[in-house]
Each structure stands twice: as C-alpha cells, then as structure tokens.
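Novice: Okay, here's what each chain looks like letter by letter:
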Amino acid sequence: MTIDILFIWTAFKEIIRALPITLILTIFPLLAGFIIGLAVALIRIYKVKFLSGIANGYVSFFRGTPIIMHIMLIYFGFPLLIDQISKKFDLGIQSNSIPIILFVLTALSLSAGAYLSEIFRSGIISVSNGQMEAAYSVGMNSFQAMTRIVLPQAIAQSIPNFTNIFIGFLHTSSIAFIVSQKEMTGAANIVASTNLKFLESFIAAGLIYWGLTIIAEGLSFLIEKKATAYNRGGVQ
Amino acid sequence: MIYLKDIKKSFNQQPVLKGINLKIGKGEVVTILGPSGSGKTTLLRCLNFLEKPEEGIVQVGDIQVKSKKATKREILSLRRQSAMVFQHYNLFAHKTVLENVMEGLIVTKKYKKAEAKRESELLLEKVGLGDKHNYFPSQLSGGQQQRVGIARALALNPEVILFDEPTSALDPELVGEVLSVIKAIAQEGITMVIVTHEMSFAKEISDRVLFMDGGVIVEEGSPLEIFNAPKEDRTRQFLNRISRDFSVSFLEERAN
Chain L
1 MTIDILFIWT AFKEIIRALP ITLILTIFPL LAGFIIGLAV ALIRIYKVKF LSGIANGYVS
61 FFRGTPIIMH IMLIYFGFPL LIDQISKKFD LGIQSNSIPI ILFVLTALSL SAGAYLSEIF
121 RSGIISVSNG QMEAAYSVGM NSFQAMTRIV LPQAIAQSIP NFTNIFIGFL HTSSIAFIVS
181 QKEMTGAANI VASTNLKFLE SFIAAGLIYW GLTIIAEGLS FLIEKKATAY NRGGVQ
Chain Y
1 MIYLKDIKKS FNQQPVLKGI NLKIGKGEVV TILGPSGSGK TTLLRCLNFL EKPEEGIVQV
61 GDIQVKSKKA TKREILSLRR QSAMVFQHYN LFAHKTVLEN VMEGLIVTKK YKKAEAKRES
121 ELLLEKVGLG DKHNYFPSQL SGGQQQRVGI ARALALNPEV ILFDEPTSAL DPELVGEVLS
181 VIKAIAQEGI TMVIVTHEMS FAKEISDRVL FMDGGVIVEE GSPLEIFNAP KEDRTRQFLN
241 RISRDFSVSF LEERAN
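These protein sequence lines are chains L and Y, in that order.
My numbering puts the first residue of the first sequence at 1, with every later residue one more than the last.
My numbering puts the first residue of the second sequence at 1, with every later residue one more than the last.
One thing to keep in mind: the hints can contain errors.
Unchecked claim - Cut-off 30 Å, straight-line C-alpha distance, at most; resulting in silico cross-link-like pairs (DSSO-like, lysine-lysine): (1) Y:K95 <-> L:K49; (2) L:K47 <-> Y:K52; (3) L:K225 <-> Y:K95; (4) Y:K95 <-> Y:K66.
Said to hold, decoys possible - Just a few of them, taken from the derived set where beta-carbon distance is under 7 Å, the chain L residues facing chain Y: (5) D83; (6) I85; (7) G130; (8) A134; (9) S137; (10) V138; (11) G139; (12) N141; (13) Q153; (14) N231; (15) G233.
In short, the hints are calculated from the structure, not lab data.
Every residue, glycine too, gets a C-beta built ideally from N, C-alpha and C.
For reference, chain Y alone in the conformation it holds in the complex (with noise of 0.2 Å):
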C-alpha cells in the first residue's frame, strides 16, 4: 500500500528526515507521534509530494516515484493516491461547504456535477454537516470546518488519507467532535497515516504507532507496546514529557 524507501529531506541543509524505511499495509491505521521538529509532518508531506524528498522511493498504491526523476507527471498521479486532512483545514476559502467536497470530484474524478453533489451531500451527512451546505468556511467553527476537511479528503475516495495534525489548531472543547468522526471512519477500514499530540486517541484508534525524533523512527510498535512498555530512552522522556499532569500529580504524591 504505502512504501517508503530512504527517504532524504533538508531545510537548508539541516537534515530534517534522515533515511525513513516504512511499509504500511492496506487498512492500516498509522499514528505518528513526537516532539516538534522530529520531522513528523515533513514525512507525512512527503507522500504526497507537498514536500519533495531529496532521496529515495515513495510508493502508495501502485504510483512509485523516484525522488530524484519525479516528474510532475508521476507527482500529479502520486497525490491522485491520497487525500490530506491539514492543520489549519485549508478548505478552499471562496467556496462553500458543499462546493468544497465536490470540487475533488468535478476536477480530478471527472463526475458530473449533479453526481457530485449528491455523492457530496452523503458524505457532508456523514460527517454531521448536512444542514451547513451553503455555509462558507469562514462563517464555521473550526472543528466543523475540520469536518468538512475529511469529507472532502473522504470524497475521493483515495487509496489512504493523511492527516496531518488535524486537531491542533482547535479549541480544546471541539477536539471531541472531529477525533469521532476520524475514529468512524478508521472503522471503515480506510488506510490512514495520522500525526497527532493527542495520545489517548492514537492509543484508541492505531494498529501501529511510530515514534519519530531527530529525522528517524526512533521506535515503532502496537500501541499496548508504545504507551505501555517503550523500549527507547527517547519515546519514555517523550511520553513522561506528554503526560505532565501526570508525572506532575506522581511527584507530589512521592513528596508528600
């Protein structure tokens, strides 16, 4: 499904991804956690080709492209494997709720517009937003702008999703309403790759976690191994880091 081979990247010449190997499987759902600047979302970004590595082969699906001989041709047909839930949703600001999920489909899915629409219409059902049609994002809170986001990544019906960070940049108390619509739909069966800060939820929902520091994955495992028993010094120190409160309370305790 997802192939990853050696992959390169560096910002002006600070190596950010330092040869990453990965396999994914089909269905497979793959958190990525780790500290900021680890290169978490920079290799997210790197499978479809928003950042263009400076080394090795990524394949998803059946699209295999050469980093170094990509041709925008071969980068075009790559991105045409998946679809990408952003940060800051990045819905296409001049138009609507429903013109946001079709235009995938009208563009690059070739559908006719009456199809697209009623395809756009199920999925904006789907995601609890089927009476905010004609809403432009900006008149959305963020989380229901995020849940238009994975609709219109869901409407292309893409070989695996990406999301990159997809709650970050939401008030604590729309968290909730986003994350469940993520876990219905890994109940699908829908390949997806998720970097994510929030760990009881990557916990909940991975077959597999990756934890990535310095440009590599450091340690990757089931979530039982990863949260349970890590065995790098450096995803311990990051999980104790994470779970503050709960060291924080751990300490008092011991001290008193």
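So that you can see chain L by itself, here it is in the shape it has in the complex (with noise of 0.2 Å):
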C-alpha cells in the first residue's frame, strides 16, 4: 500500500463541505449549554430547595456517562416519547419527521450544559468572597451583586476552561456520524470508503480538526488576554 499524497488534497476539499455541520454540532450544544451551566451552577450553589437536588443528578449523570449514549438514549428514547405524548394528547406529531440533528442538538446540549455547570460553579467559586460583600457593602441585592460583580470576573477567567470545552466539543461532534449526520469525519468516512484511500481521507479530516483547533486557541488567547487584563496588575 502506498500513500497518494495528491489525494489528501482531494480528500480535504470534500470533507471541508461538512464544515458547517460540524460548526453547528459545536456552536449551538455550547450556546445552549451555556445557558442550561449557568443555570445549573446558580441552583447548585445556592442550594435552591428541591431543583438542587435535580441539578446534582442531572450533572452526575452527564459527565457520568459517555456522551455517544447520550446521543443514543435520545435517538431511540424521545421518538418514543414523543409518540405517546402525541397520542395521549392528540397532537399530531410524528418523531420520524423530525429531522436527526435535532436530537444529536439535543443530546449534544445536554452534555455541555453538564460539563459547563462545573466550570461556571468553579469560576464563581474562585471569585473571593470579598467581591460578594463588597457588593453587599455598597447596597447591591444578591442578584446585582452576582450579575455585576461575581460572574464578570468569573466568566473572565473560565475562558481557557471554555476553549478546552469547545475544543472537546468539536472533536465530539465527530460521533454524530454513528446516527448518520454528515458532519466531517462521517465526510471522511464516505469519502475514504468510496474512493478506498483511508489513510489519505483521515489525514486530511484530521488536518482540518488540528486546524480549527488552532484558530480556537488562538481566538481564545487574545480574548482572555483583553478579559483578564485587569488582573495582570503592573503600570499602564
């Protein structure tokens, strides 16, 4: 077997079309993650009477399980439900047309806002104590307190902790594929298997993932850098 450099280039060109599938496998679990964290965290800190006890649960079982089973509870699991919520109510909804990226979205999304809890529960946790009472100190209620004092600075530096998730999302939303979305490795695949150069199709797949990757980081460091700025101290 040799290897058919040329073909990487073919190969890199097909796959690059899935792109934007693998964008919005990424993007869109993180932005609804990010609402479901942020919620999750407040409840969990705190300890709001009787949704805390749901939050622990809902968090232990995400990150307690793989999140290629979260993608496949859903898939077979709410087209069930769906049906007999339907029934039971009339409502005239069929699970088989709604499209399969809603459910990938879904799952996807619950997985984030799992992982995402712990990060914005660390982020608040780092903030000092003092901010909290300074707030307090100059008349501000829990709420403005939270809003305008903690999470600014909390959010701040969870930032490397968000590139790290978005980072492992992207990677993640490779196992789309096994409930047949064509986002990019399922692009590497088709085009690996039809033309049979694997190797050559993986190279360029994993060309474009290194790439991405790279232009997240990058982004990353200069908006960390310009959101942290305040805590670098020294002379302007």
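Take the two lone chains, each set in its own frame, and fit them into one complex as the hints suggest.
Specialist: Below you can see the structure in the form of structure tokens.
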C-alpha cells in the first residue's frame, strides 16, 4: 500500500464541505449548554430547594456517562416518548418527521450543560468572598452582586476552560456520524470508502480539525488577554 | 443614629458576641479596640448584616431590624444606611478605579452615568487619586487601593462608614497616607465606627473608644480615659501588651 499524497487534497476539499454541520454541532450545543450550565451552577451554589437535587442528578448522570450514550438514548428514546405524548394528547406530531440533527443537538446540549455547569461553578467559587461582601456593602442585592460583580470575573477567569470544552466538543461532534449525520468525520468516512483511500482521507480530516483547534486557541488567547487585563497588575 | 440592643452571635456554637448594647450618636467617631478574637470585627459586620446576629436589634439611621425575623428587604435597606471600608480593600477587581467609586452611585443611588462620574472624580481628587481614574485595582499599591475603598464608601453618602482594620494589611510606610485621609473625613462630621490596631491614631481621632474582650464591651470612654486611666484590668493588660516596646524599654531601664 502506498500513500497518495495528492488525494489528501482531493479529500480535504470534499470533507471541508461538511464543516458547517460540524460547526453547528459544536456551537449550538455550547450556546445552549452555556445557559443550562449557568442555571445549574447557580442552583447548586445557592442550594435551591428541590431544584438542587435535580441539578445534582443531572450533572452526575451526564458527566458520568459517555456522550455517545446520550446521543443513543435520545435518538432512540425521544421518538418513543414523543409518539406516546402525541398519541395521548392528539397533537399529531410524528417523531420520524423530526430531523435527526435535532436529537443530536439536544443530546450534545445536555452534555455540554453538565460540563459547563462545573466550569461556571468553579469560576464563581474562585471569585473571593470579599467581592460579594463589597457589593453588599455598597447596597446591591444578591442578583446585582452576582451579575455585576461576581459573574463577569468568574467568566473572564474561565475562558481557558471554555476553550477546552469548545475543542472537546468540536472533536466530540464527530460521533454524530453514528446516527448518520454527515459532519466532517462522516464525510471523511464516505470519501475514504468510496475511493478506498482511508489513510489519505483521515489525514485530511485530521488536518482540518487541527487547523480549527489552532484557530480556536488563538482566538481564545486574544479574548482572554483582553478580558483578564484587570488581573495582570503592572503599570499602564 | 446607631442603636444596638443585646446583639448575640456565635460561630459553631462558640459565642463571639455575648449581648452587645451600644448607642452611637450622629457625627460621633467611635473606635473599637481589643485583642484578636474579641469579636470587634464581628460586631462591626453585624452593623451591616455581613454577619447576621442570632439575637438582638440593629438600628442604623431610621432602619431598625430585629435579627431573628430580618427579611431580605430589611437587610438591604439597613445596608444602604452604611458603607464599609475593608481590611483587604475588596475593590471590584474587574472595574477601574473610577468605576469602583461610580458603581454604588449607579446601582443603588440611581445616578445617571455622567452625574456619577462627576461625583466620583471629585471624591478621587479628595483622596489624592485624581490621576488614577483608569487604573485597575491590581495596578495600585495597597495604600492607593484603600483610598479608593474610602472614596467608594464616601460616594454613597452614608449615615455611617464602617472601617474594618483599614490599615492592618498595609506596608508600614503606606499606613500614614490612609490614616490622614480618614482623619480628614472625620473632621467633616461623618459618623464613623473604626476597628483598628493603630493606637495613636485611635487616640487622636476618636470621640469615644470601646475596649472589647471575650465578646463583650469591657470598657468605654473618651480616649483620654481609656489610654491614660483605664479602669479595667483587661484593658490595662491589653494596652501594655500593645505598647510592648515602651514596656520593654521601661523594664530595661529598671533592670539597669
């Protein structure tokens, strides 16, 4: 077996056409997860009655099981649930008319929410208690103190962690292929098996992922530098 | 102005305040002295409910709160009667010096931004930081940070300013600049409660000195009475310990 260097470029052009799906599968779950994660983190920090039990269970389950399993459970479980409910209330919704990507997005969003909630929680806890006390001392209520003083610092300090999760989810989006979503790894598989050039196709896919990751890291570095400028001391 | 009745507070069943009664009049400058663990900081923090007393009544200005059934709203309006200067400054780390002072004006006093800015600039001028508006707290020395903390407290125009050991985290050479700012505002007739270990400062600035030990106010009086003629043994022992340099040299002299 020889390696066909030129075919890497052919595969590259073919695979990169699936980039939009990969980006959707990465960015949407992270945005949804951002909201879920923030809510869950606050519920757990403030130990909100009843809800904090649910939040604990949610985080424990979704961090305690592989993401591929969430996709499977939701892909096979939700249609069953939706059809049952639809039948019961006569809603006329048919699960097989729902695009598969919605199931994948749901599963990934729930996973992202669980991981991000821990990042938010650690970020919030890392802001010193004195900041909260100072906010109270100037007459803020808990909500103002949280949104104006604590969260901005917590989020700024969590940027490297957010980047980590972004990169993780960029790569995790590849498992959507198992429920026949044609994102980049799926595209690589197809190019590989139709041309019987596996090594070349996956080298091409690998290069694209790597490139995206480098771009993400670069952006993150710039944003972090700007967002945490307050913490660096020194003289202007 | 300030009225405390039978304030009790404990941490892990360890009583820290054992029933404090206190009245402070408008414009009075009161310092609280005492060994560490005597409950002086806790008492100060009870005044704005950063510590919630288990029992007793706290009144600042017109707002009276019964500790046992204090609602969130009551605590908020009690807090808005006072401002606090912290031992570790606790400036808002992600905000510039100017924003730190403006924050309270905008959020709680509902000032317009331009108005808050003008007011804050005046106050920063007053504490000698007119040239540091756009610095972040991390770029300032401890003494400068604490002066920002004082400006932030002054901006609220509160009934009372609470000082929690405002100079004990500072390098010795920076203590002076902070104390002189505090002295200047004391002369303006603002009510102040100060927890401090700076004896000569306390002597100079206070209208009244409280000496606390073991969760109670052991003795109170004018600076002259407390420093020159303390009635209680515990006060005397404390003052001796604090001015050990003096006593050591005194003992050495005697030994010779």
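Novice: Next, verify each hint and record whether it holds.
Specialist: Going through the hints against the structure:
1. Y:K95 <-> L:K49: 33 Å, violated
2. L:K47 <-> Y:K52: With Cα atoms ~19 Å apart, K47 of chain L and K52 of chain Y stay inside 30 Å; holds.
3. L:K225 <-> Y:K95: Within the cut-off at roughly 16 Å; holds.
4. Y:K95 <-> Y:K66: Since the Cα atoms of K95 of chain Y and K66 of chain Y sit roughly 35 Å apart, the hinted pair is violated (cutoff 30 Å).
5. D83: Cβ of D83 of chain L sits 46 Å from chain Y, so the hint is violated.
6. I85: With a minimum Cβ separation of about 40 Å from chain Y (threshold 7 Å), the hint on I85 of chain L is violated.
7. G130: With a closest approach of 4 Å, the G130 of chain L hint holds.
8. A134: 4 Å, holds
9. S137: Nearest chain Y Cβ about 4 Å off; hint holds.
10. V138: 3 Å, holds
11. G139: 4 Å, holds
12. N141: 6 Å, holds
13. Q153: 5 Å, holds
14. N231: 6 Å, holds
15. G233: Status holds, d = 4 Å.
The structure is inconsistent with the numbered hints 1, 4, 5 and 6, although it conforms to all the rest.
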